[in-house]
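With chain A's structure known, arrange chain B on it following the hints.
There are 2 protein chains.
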Amino acid sequence: MTPVLNRRLLFTEEPIGRYPTPGKTTTYDATQEIDIDNVALNGGFLVKTLVLSIDPYIKGRMHAANAHLPTYALGKPLDSYGIGVVIRSENPDIKVGDHLYGSCSFEEHFIRNRASDYLVLENKENLPWSLYVGAIGLPGQTAYSGWKEHANPKKGEVAFVTAGAGGVGSLIVQLAKRDGLKVIASAGTDEKVGFLKDLGADVAFNYKTSDTLENLKKEGPIDIYWDNVGGQSLEAALATANTKARFIECGMISGLTSEPYLVKNLMNIIIKQITISGFLVNTLFPKHKKAFYAELPALFASGELKYKEDATNGLEEATEALVAVLKGASNGKGVVLVGKE
Amino acid sequence: MTPVLNRRLLFTEEPIGRYPTPGKTTTYDATQEIDIDNVALNGGFLVKTLVLSIDPYIKGRMHAANAHLPTYALGKPLDSYGIGVVIRSENPDIKVGDHLYGSCSFEEHFIRNRASDYLVLENKENLPWSLYVGAIGLPGQTAYSGWKEHANPKKGEVAFVTAGAGGVGSLIVQLAKRDGLKVIASAGTDEKVGFLKDLGADVAFNYKTSDTLENLKKEGPIDIYWDNVGGQSLEAALATANTKARFIECGMISGLTSEPYLVKNLMNIIIKQITISGFLVNTLFPKHKKAFYAELPALFASGELKYKEDATNGLEEATEALVAVLKGASNGKGVVLVGKE
Chain A
1 MTPVLNRRLL FTEEPIGRYP TPGKTTTYDA TQEIDIDNVA LNGGFLVKTL
51 VLSIDPYIKG RMHAANAHLP TYALGKPLDS YGIGVVIRSE NPDIKVGDHL
101 YGSCSFEEHF IRNRASDYLV LENKENLPWS LYVGAIGLPG QTAYSGWKEH
151 ANPKKGEVAF VTAGAGGVGS LIVQLAKRDG LKVIASAGTD EKVGFLKDLG
201 ADVAFNYKTS DTLENLKKEG PIDIYWDNVG GQSLEAALAT ANTKARFIEC
251 GMISGLTSEP YLVKNLMNII IKQITISGFL VNTLFPKHKK AFYAELPALF
301 ASGELKYKED ATNGLEEATE ALVAVLKGAS NGKGVVLVGK E
Chain B
1 MTPVLNRRLL FTEEPIGRYP TPGKTTTYDA TQEIDIDNVA LNGGFLVKTL
51 VLSIDPYIKG RMHAANAHLP TYALGKPLDS YGIGVVIRSE NPDIKVGDHL
101 YGSCSFEEHF IRNRASDYLV LENKENLPWS LYVGAIGLPG QTAYSGWKEH
151 ANPKKGEVAF VTAGAGGVGS LIVQLAKRDG LKVIASAGTD EKVGFLKDLG
201 ADVAFNYKTS DTLENLKKEG PIDIYWDNVG GQSLEAALAT ANTKARFIEC
251 GMISGLTSEP YLVKNLMNII IKQITISGFL VNTLFPKHKK AFYAELPALF
301 ASGELKYKED ATNGLEEATE ALVAVLKGAS NGKGVVLVGK E
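Chains A and B are the protein sequences, given in the same order.
Its first residue numbered 1, the first sequence is counted upward by one per residue in this note's numbering.
Its first residue numbered 1, the second sequence is counted upward by one per residue in this note's numbering.
Isolated chain A (complex conformation) (with noise of 0.2 Å):
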């Protein structure tokens, strides 16, 4: 078989600034071919990617000094979790036709060695295979865990979720409506405020024209604070927590991609008698997987959940994907649809 194109997106330069600059810090690559047919697999397999994944994290993994996550290596392509197809294996655990959820490369075609990275899906509902990376991977997958592990909800609290229109945040607003809790949730455009409300939020604003700290003092006092942000978000739900209030911290996106900005008020942690959960959904979503599966698939396929997804096709913008996601200007979980079945 003649090659065939294989369009990738490379890691050329370490951002300088907050966002990633495509052609620059991220370089679209057009001219490598790939034989499927005849490549050598080595006893690994050979992967058709469908879906990547675009979070936030995948900034800060193009940083060396953010060590708690394996910086990209210059000149090779970005990887996210994704789905891909097998579509040629010399590994006995995988098969063609397996659809794989795990770390996949910013390639249409990649070949991996290691089947126990991977997850291979039934998709019993026949769910949309991008959902796979979004309301039902690691952003379902990060809200589920964190929520059923620190949340500790009691019918009639008070939740407050920020970057509530995002992946991770659209799922907590709904696992605490069907907790039986009060749900203020934010975000940053009125679109998404629009869909926090069709999500069962009952108080939503956009904090970029609504002053999140205003909001809080007349809908809290808070019970659950889930964090996807950081800095003066989290200064306002301290200011504003009940007594013996959870905070969940999952992200502090605003200090990705701007100075930090530095809480003043901590105090309240002991006046309040706070207690802030840190955590990692790859550590703490083995404990819930079992669950997660029996639950949310037939969920989202019956409609009782929503999701919402902005999608990008193919590689070459994929940068610009990200720079939304980081922005906050994408609408719906980000993903990059790579290649079709």
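Under the rule of at most 20 Å between Cα atoms (straight-line distance), these lysine to any residue pairs were calculated in the SDA-like manner:
1. K264/B - A65/A
2. K264/A - M267/B
3. K124/A - G97/A
4. K264/A - K264/B
5. K272/A - T275/B
6. K306/A - G194/A
7. K287/B - I270/A
8. K217/B - H68/A
9. K264/A - A64/B
10. K272/B - T283/A
11. K272/B - P286/A
12. K272/B - G231/A
13. K264/B - G231/B
14. K244/B - H288/A
15. K182/A - K197/A
16. K272/A - L69/B
17. K264/A - G231/B
18. K308/A - G194/A
19. K244/A - N152/B
20. K287/A - I270/B
21. K272/B - E149/A
22. K244/A - L69/B
23. K244/A - V281/B
24. K148/B - T275/A
25. K287/A - T275/B
26. K289/A - Q273/B
27. K48/B - R88/B
28. K272/A - H63/B
29. K244/A - N282/B
30. K272/B - G60/A
31. K177/A - E149/A
32. K287/A - Q273/B
33. K272/A - K287/B
34. K287/B - G102/B
Label-pair ranges, simulated between beta-carbon atoms:
35. G17/A - K208/B: 37 to 45 Å
36. A329/B - A329/A: 49 to 57 Å
37. A64/B - G303/A: 51 to 59 Å
Note that these hints are calculated values from the structure, not bench results.
Keep in mind that this is a model prediction, so the values were computed, not measured.
Note that CB positions come from ideal geometry on N, CA and C, so glycine has one too.
Just chain B now, with coordinates in the frame of chain A:
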């Protein structure tokens, strides 16, 4: 009987700077008299003050802005935890000779009505009464209940204790050692560092002459951080915390006497999956009260647990004693010995 002097320390002005000023913010008054035999009790009980506890929170109560604690009334005596002996009583629940533990006025005699505000101490071990405001008073109760509730210590782990030579910290050092931990403790004078070593701390340093972060880098990572200080110490602990570390937020004294230092690395809460627990002794102690009284007095009586106190005689220099506590210059638990039996 001829009336006797009832010397008092009055709250007379909100402090502006870091410390109260004797004669200005607080005024010693040796003009009031009391007729012990005839003063009207109106169903209450007359208490002779024996010991008063001098703690940082007293400064907080001089500021109306600290809404979590009742502010002292201008022109009235301060109060804090203390021990007094009952010399007259019209309350059936309180007997003459009872030793009461609870809120005591900064004066030689005072009258109260509610028996339920006080604990009648037995002192089977015949310990000095001052221990009941220190090692087995509020500081001891704070240390014990916070540690038992939130530390989850595992043998061989590393604990870091700030203000380790103080009333709370010195018990934490010893509890952590009894739980089989490696204990790193800091204090602000070389004399206190010597005391920390006497208490069994594996590593003790003077944070004024030896950098906290460098010490923790060398001796950590830390699994448990007992925070009495906040600010830069909290930042250093976050920087050197182990995965799944527990931070117990007991106090942030560094922010009480100066502009709070703003912590820059809260993101570590997420990366290291840290749990931060704020608590207040009044809420938490009841759960641990029985175990506390069953366990601790005997251990102090036998000398298995050690303590140190810095006693001031009489109310005239009680403000200086508070300043010393706030400056970290007192050498052991600050107490004022007011009267004798």
